[in-house]
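Based on the provided sequences and hints, a complete structural model is requested.
Chains as they are written, first to last, in the numbering used here: chain A, 1 to 292; chain B, 293 to 570; chain C, 571 to 1048; chain D, 1049 to 1131.
Lysine-lysine pairs mimicking DSS-like chemistry, simulated, CA-CA at most 30 Å apart:
hint	chain 1	residue 1	chain 2	residue 2
1	C	737	C	976
2	C	707	C	636
3	C	936	B	420
4	C	746	C	758
5	B	420	C	640
6	C	915	C	994
7	B	392	D	1130
8	C	626	C	990
9	C	821	C	1048
10	C	657	C	938
11	C	657	B	420
12	C	938	B	420
13	C	608	B	420
14	B	420	C	626
Don't read these hints as lab results, they were simulated from the structure.
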Amino acid sequence: MKSNTFGWILLAPTIVVLFFFGVLPFLYVVYVSFHQWNPFAANPYMIYNGAGNFRQIVFDGAFLASLGVTVAFVFFAVLTEVIVGYLLAQAFMSDFPGKAFFRTIHTLPLIIAPIIVGSIWKLMTTPSIGIIPHLLQSSVGFDLNIGQSAAAAFIITIIMDVWHWTPLVTLTLIAALVSLPPDPFEQAQIDGAGKWQIFWHITLPMIAPAVMATVFIRLMDALRIVDEVLMLTGGGPGSATRYIGVHIFREVFPRTNYGYGSAISVVVLYLTIVACWLLYTGMLAPRKPRKS
Amino acid sequence: MKKKTPWPYVFFWVLISFLTLFPIYWLFVISVTPSFELFSTPSVILQHVDWQNYTEVIGNPTLRGYMMNSLLISSGNAILTTTFGFFACYALSRFNLSGKESIFFWTITNRMAPPAVFLLPLFLLLTKVYRIEGFTLLDTRIGMILVYCTFNLPFAIWTLRPTVDGIPKELDEAAFVDGASPWKVITEVVFPLCRPGLAVTLILTWVFAWNEYLLAATLTNFNARTLTTGLSEYVTTTGTAWGIMAAISIFTLIPALIVFSVVQRHIVAGLTFGAVKG
Amino acid sequence: MNVRVKLGVTVLAVALMSGTALAAGNDDFWAKAAEPYKGVVLHGVTESTPPSNYIKDVLAPEFEKKTGIKVDIETTSWDQMYDKAIKDMEAGTGIYDVVYIEQDIIYSYLARNFLTDITKALKDKPELKASTYDDAKFTSFANYFKQDGDLYGVPMEAFLKIYCYRKDLFNDPEIKAAFKKQTGHDLKPATTHEEYTEIADFFTKWGKDHNLQLWGSTAQAHTGHPASWYEFFESVAPTFGVYSWGIDASKNYAATVEHGGAMNSDKAKAALKWWLHLRDIAPPESAQSTWSEVATTFAAGRAAQGLVYGENAAWIETDTSKSKVTGQVGFALPTLSPGVMDDAKSGKGYVGYYDGGAFGLPVTSKNKEAALLFLEYIGQDEVQPGWAVAAPRITNTATFDAPEVKDMDVKLGGFYTMLKDEGKLFAGAPPYPFHAQVREATAPIFYDILTGKIGPDEGLDKMAAKAEEELTSLGYRK
Amino acid sequence: MASKMENIDKPIDILDDANAPPIAEKSGFLPIETNWFDRLFISVVIWVAMSLLWFRFIEPLGLSIWISNVIALALAAFIIAKG
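See the structure below:
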């Protein structure tokens, strides 16, 4: 009836494009990661270094610290986004006047470029002259200084990310909630289940795949955050917001540490792929028999 | 669900909208305030409006060129990724290709790469490898369109797969039985049914491409520079022109806003589509 | 920005009038020399600062009119500019025919033989040599772009990082009286670090007491951007007698006191503590300030005095659309420790940072001859005065005497005179080919000092050790 | 959008028709069903993880990384064959 050849033809453009623009660069990065290479070292050429870079990475305090704050950042940011996104999606479930209008407003942050998001938040949070520190200072007397307080900077980057990306989560969860069949809910209400019970036993399991899929995309994107943070804090104060993307950026851009930077990237990509793969197989794949 | 008075919701949403809009409002405030006034006690209410930054941005032909590049690159990329993604998803959905789950996961991994380090190999590939005589892909729109596929194509496939999977297989089978060619089945049976999902994918990939900065900044020089890279021209050692940056940002918002409000309806419809089928 | 455009236009007129008059006999040369290269398009990359924009908006079109060689100048941000130029030259792609070289990166480029020897190239091709171009006409700043007497970059901007103070505040009778009463001596621009601190403390307190948005000093103390590192090592440490970042090239690139360096010397530690105190009494945004924010802080009238990059000093003093303190800025030499002035005069040391940049010609360029013509064009005396007015920078000695520059000098409160007379006391970055690498390696520790995570003494010890470690791994320190 | 995974299981059910030729899938000791590519992938993941941990904790004790590589290779052979 239809041959697999046709299937492969349909897949071919994707595979070709991703091979030439994704896989080949990746292989090059892997190749470089086994070399010592800084064009401004005494020897500016690539020197084969075996696994030397990787030996160094596992003891590299700056890298491990960066990895730590990244994981913390991703965890809190994505968690908040999912919770807030769910609540907002739930709030869109009722009918009320101006729903479409509010929904459009809510999606606005999505269309602002990260580099601009970083600029806005930088100007809003600059100590003493930003509007947020000013309002906090005059209303509750709290002195917000993201140039000095590591915690403040960390939290502001999370708030910024939540502001920017929650709309994506909301949109996807609206879609999931809209598609839920009404029957189990009616049944549960007849049985006298409480709101919380309904959420826990019926809603959550049914929207779990959607939640996981959203988490998946947000996880990938949050792990490689660069532009916003570079613009907002530059990775500071100290190394408090030097997330892995920023760390790699500083390593390969100004420091031109191509060899070591590539090795770090390979390790980061490895960790990301493993995390995502575990998530993917663990949460999604068992729900269906795998075929191949 | 329960019938309640809608006003608490409206109130709630006004509040949320306020939070959502405040940074955007602040962007506007920045764009109409001289920089030294930004460096003084801030005030939530606009004191006075100075349109100078806007007139400068509008009068700048270079920025118009950047705007054009941005539009062409993001539109081209969105169409390309959505088309390729759609074909790929159809193939993954309807054919029994060996290792297709692995292929699916592998395509997604392309989005995970930390961008900074991939700039060097991409630069080398674009300038040295992918060339025909004197023509290289560096600093060309088509080059950027292809490069953006690395993060948009995985997204398109990830988004479209459930949609395509959600089209009942019986429909294409019936068409095949009627003697339609596979190509015809895709374009005339499956494609129309997937339209909402495709619209969502199109718009979100468009937004991602429109907003991309790092790759564009490195891989374009003169001819294919986009608006986001144009922004970086205003961050200099002699002062960051916050006002101009903000004014440009407001301009970058406009096309995105128009596109978004037009297709807003489709987005939710598109997201919903596959699920309802289930 | 707008003022830049306006200035650009007036200057264009001036340049056309004076320039054409002066260079009239010369047009023939440009047309003739460029004959074989007509239709060539040159590509350049630079940071989008006013001097670069003047090249892009005024000089390049002029040059094109005379020669038929088009010059496309790509302006971008500081980070991107380096990255793009380096990638191009490293990979040998030959995209750029003209690259901006900041004074501090030139040694890295020279070490890699990225740049064409302009002097030699012109000697080899005498038909390209313009009679109006002569590299002897540049100020001493051009020496930074020379190797074995040959020029590798045509200087296009040069500034001093200087001590700026607010004349209106320093001359206010009420403030003067209060200062006298509190300290027992007259309020005048400081010459020693102690005086500077005293004035800064006074103004911060004054601002607080009078509920003003006023602090005693600026501080370029960003806790996540190398700007703070630069302020300390290029502008603060030298005034305490710690030169060349405290790294001694003659002693196997030693940084620690133990090996003969000075990065963690007592002088450096004293300098750091002095500066940290100023940071504490500076406007709160200092913790997020790079050079551009420092300038804006000063322009917004939030600081009574401070070290400000010269390229900003000019617009702060003259541009009413960007500055609240126009006409009120006084310029002076940075405050110094005893002995530093003698060091500077004898050439052993320097009192502050001589910043600037040049346009160089990458060896990978495919249009070297046309690019050489362009570099000569922007290096001529004739084009300088208009340029100096539009974007306050002076690279040729003759420029100081041009009437429009003299007028400008009066408007700028003697900024150019200072550049001319005191310029020799300042110095550029030390001749290290590992500039960004050592900075990036040690900067995280420096940020930790700024946030108080680590003490200044201990921090400098760590930085010196880290610098040596980085130099060893780069292969410079044996 | 991302969330479309929510129904990835449902549509797959549609796929579960006669059209899908039964591929012999032996069930190995791994908790999920895998093909050879998956098992190769798992092996590589384990090899990299082992190497990194080895560099950090065991190599300083004086044991060469090659020991880790040999173990990983053996493990890989076992996983691919029996997984």
